[in-house]
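Protein chains: 2
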Amino acid sequence: MTIKLKGACIIGQSGGPTSVINASAYGVIKTALASPDITKVYGAAHGIRGVLDDVLYDMGAEDGRELALLMNTPSSALGSCRYKLKDSAVDETDYKRILEIFKKYDVRYFFYNGGNDSMDTCNKISKYMQKQGYECRIMGVPKTIDNDLFGTDHCPGFASAAKYVATTCMELYLDARVYDKGMVCVLECMGRHAGWLTGASGVATFRGMGPDLIYLPERVFDLEKFLDDVEAVYRKQGNCLVAVSEGAHDENGTLIVEAALENATVDAFGHKQLGGLAAFLAEKVKERMNVKVRAIEFSLMQRCAAHSASQTDVEESFLSGKTAVEYAVSGITDKMVGFERSFDENGKYVCNIRLIDLADVANTEKKVPDSMINAAGNGITQEFVDYVLPLLEGEARPVYEHGVPRFARLKKVRAVPNK
Amino acid sequence: MTIKLKGACIIGQSGGPTSVINASAYGVIKTALASPDITKVYGAAHGIRGVLDDVLYDMGAEDGRELALLMNTPSSALGSCRYKLKDSAVDETDYKRILEIFKKYDVRYFFYNGGNDSMDTCNKISKYMQKQGYECRIMGVPKTIDNDLFGTDHCPGFASAAKYVATTCMELYLDARVYDKGMVCVLECMGRHAGWLTGASGVATFRGMGPDLIYLPERVFDLEKFLDDVEAVYRKQGNCLVAVSEGAHDENGTLIVEAALENATVDAFGHKQLGGLAAFLAEKVKERMNVKVRAIEFSLMQRCAAHSASQTDVEESFLSGKTAVEYAVSGITDKMVGFERSFDENGKYVCNIRLIDLADVANTEKKVPDSMINAAGNGITQEFVDYVLPLLEGEARPVYEHGVPRFARLKKVRAVPNK
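Which chain is which? The protein sequence lines are A and B, in order. Mapping to my numbering: the first sequence position 240 is 240, numbers consecutive. Mapping to my numbering: the second sequence position 264 is 264, numbers consecutive.
Careful: at least some of the hints might be erroneous.
When the alpha-carbon atoms are kept at most 30 Å apart in a straight line, the in silico DSBU-like pairs for lysine-lysine are as follows [stated by the list, open to error]:
no.	chain 1	residue 1	chain 2	residue 2
1	B	LYS86	A	LYS292
2	B	LYS367	A	LYS411
3	A	LYS292	B	LYS411
4	B	LYS225	A	LYS366
5	A	LYS86	A	LYS104
6	A	LYS84	B	LYS236
7	B	LYS412	A	LYS412
8	B	LYS292	A	LYS284
9	A	LYS181	B	LYS366
10	A	LYS84	B	LYS292
11	A	LYS86	B	LYS284
12	A	LYS181	B	LYS104
13	A	LYS292	B	LYS181
14	B	LYS96	A	LYS411
15	B	LYS181	A	LYS127
16	B	LYS366	A	LYS104
17	A	LYS181	B	LYS411
18	B	LYS127	A	LYS292
19	A	LYS181	B	LYS127
No wet-lab data here; the hints were simulated from the structure.
Here chain A stands alone, though its shape is the one from the complex (with noise of 0.2 Å):
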């Protein structure tokens, strides 16, 4: 039965952005818009930075061909932020603001868009206005490439990335082997401690056109052992692809990267900037083996290439806000929306939506299992392709003009609070 809760609704993107994450915060903002008990539709600028400094846009004063055109926009076209909340129990200065906030503009619904982190904070400030008594209903859209949400199959944003990943280096393969003397190229996928994404690179070599050595940062990373590997795979075949993730790291949990990078920052959440792993692997091989060498970072762009992302991630992406707004609406509360695969008679993949409480998400983080990794730690298993593979499927199709995407353009009306 659902239990009517008429007011105005905000949604807000935090974390590293995906190639369909605007996909999400269109389900949102199209589903809200359309929902008669909801009486406004405000996008934060930058997360919750927006709702701290009153900073919000009226969703309802942009075109709504614009609109449908962040389906294929990548990043987060509201902002996003990396702003950790302080336990409320410890300094409620920021909860007391966001209440303030939620008062001015009459908010009775808050959807945000992320991914571990963001999951906190969206817990934080829902279990808060539990306590003051305020009623809201909030919900976590999920989304993050590194696939590492609890409690739900997979995450918006992991497919399109994994796609960018495999296919590209399907790519690489063909044009790193091309010459009539060899290399050996070491491919760094983003994924601090789960290998979801580096994994990916996977299914090209099923493919016959992919990785030889893949490491995931589910196992210590052995330098002589890598080594040995490497030069095992190039004496053989004259040649040698490898892929390891960003977060490679020894027996200390010690991050392998860290030796090359004297000057690594930290972010507010306390996680490493991390890059030049794949440089500094790259620069071991060649004084071992004095071959030529080549290091490639897929950096930014295996979050970003909207232009190759998996219409299945689209699509999901889509339903996941969409569907968070229906279940607020219907009176849900504090949950993040996932989901759950199963087959049709046909043997065909669905994606269920399965809600998680936002307690569960917070934090934790979901780890490749150790039946998708081979035996010496360097590779997957068909059972890591067999999870991956349907979440590939489809090639989204941005609109193009003059040759190259049209992504969406919000004009980005500053909200006043509805009197």
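The hints should help you fit chain B onto chain A, whose structure is shown.
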């Protein structure tokens, strides 16, 4: 009037591959296989090396559907090389060997698919065969992402790389300014001496989502001026996106990257192996301004991203290969197939064929003219955009299988001489 010449043909691929070099090869192979004058179609393994080593593949033994997949398969399917032929006046060894192989397989047609250095190879072989009185028609089929071949409006391969650069710049523009705290992001593009590809990033700028600053190798790169430019943009808008050519050099012609790279290696043509410029410049920005920086190299991706190739480029690449065979069969030799642009009565871009003497095209580089670079030397003009735009039109659509492209897999059956 056609002068009949019956015999086998060889197609070889040479130099750095592109997303569409195989479309050209397919144009040659398909047309040659259908020609009554061409008795056999051989693919040389790794360009001229395959001729010297007597490693030729029988293209007639390949599956027709597999060959058709070459249209959207990146990199050189036959393998490439960077082998430089000595002047025949200095050392005739290689030439004698080539003539021997030509005679062994009754080769009367030779198609060489490559860039500047490859046209040099092609020209040398052509002149040698003429001198020896061995009747053989020799045609250059251009390819280069650098777009620096003389005598042609543009080169097959450039447009797809340009489309990748422009599209990726738009995506990175959106990604790199997502946070409430800005950053300086330095993008490094290929192109040693000619700035065509780096300049293509400006297409994104003219669409309102591209680099704020663009540095081509046609201008002297002044590090202090660069830092001033970046600082001015960042101070004004809190973000700065920069595209720079790998070939950025000082007033003495010394590469800027040499200051960063101690051990630059040199390839067979005396070209330096480049890389690391973006990281070097980002570091310099950090030293000066102490802001968040990121360095991104488009690396091999810009030349092998067949999944996002320009359909115009794919079709023109095929056309150049097809036309080379048609002209050769009709009696033409010693030419490269170039392009000339015109516009139809509706102002629509039309690509016409133009034959250029191999001697003219060999080793001559076409650079970006002054009128296409802005006065400050840190951007491009509308003329540049107008030049590039028609080439980017249309999106190539590779065949996909389980969410990733289905690239061609050739059997590569070793050829036996036609007795």
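Each hint, compared with the structure:
Taking the CA atoms of LYS86/B and LYS292/A, the gap is near 24 Å; set against the 30 Å cutoff, the hint holds. Distance check on the hinted pair: LYS367/B and LYS411/A sit about 40 Å apart at the alpha-carbon level, beyond 30 Å; violated. Pair hint LYS292/A plus LYS411/B holds up; C-alpha atoms about 27 Å apart against a cutoff of 30 Å. Restraint check: the Cα-Cα separation between LYS225/B and LYS366/A comes to about 47 Å, which exceeds 30 Å; the hinted pair is violated.
The suggested pairing of LYS86/A with LYS104/A holds, with an alpha-carbon distance near 23 Å, which does not exceed 30 Å. Between the alpha carbons of LYS84/A and LYS236/B the distance comes to roughly 28 Å, so the proposed pair stays at or under 30 Å and holds. Taking the CA atoms of LYS412/B and LYS412/A, the gap is near 57 Å; set against the 30 Å cutoff, the hint is violated. A C-alpha spacing of about 28 Å is found between LYS292/B and LYS284/A, which places the hinted pair at or below 30 Å, so the restraint holds.
Proximity of LYS181/A to LYS366/B is assessed by CA-CA distance (about 29 Å); at most 30 Å being required, the pair is judged to hold. The suggested pairing of LYS84/A with LYS292/B holds, with an alpha-carbon distance near 19 Å, which does not exceed 30 Å. Distance hint between LYS86/A and LYS284/B is unfulfilled; the C-alpha atoms sit about 35 Å from each other, more than 30 Å. The straight-line distance between the Cα atoms of LYS181/A and LYS104/B is roughly 26 Å, inside the 30 Å bound, and the hint therefore holds.
About 39 Å separates the Cα atoms of LYS292/A and LYS181/B, which puts this hinted pair outside 30 Å; it is violated. Between LYS96/B and LYS411/A the alpha-carbon distance is near 69 Å, which puts this suggested pair outside the 30 Å criterion. Taking the CA atoms of LYS181/B and LYS127/A, the gap is near 28 Å; set against the 30 Å cutoff, the hint holds. For the hint linking LYS366/B to LYS104/A, the alpha-carbon distance of about 63 Å lies beyond 30 Å, and the restraint is violated.
Pair hint LYS181/A plus LYS411/B holds up; C-alpha atoms about 21 Å apart against a cutoff of 30 Å. A distance of roughly 34 Å separates the Cα atoms of LYS127/B and LYS292/A; the hinted pair therefore is violated under the 30 Å criterion. For the suggested pair LYS181/A and LYS127/B, the alpha carbons sit about 28 Å apart, so the restraint of at most 30 Å is met.
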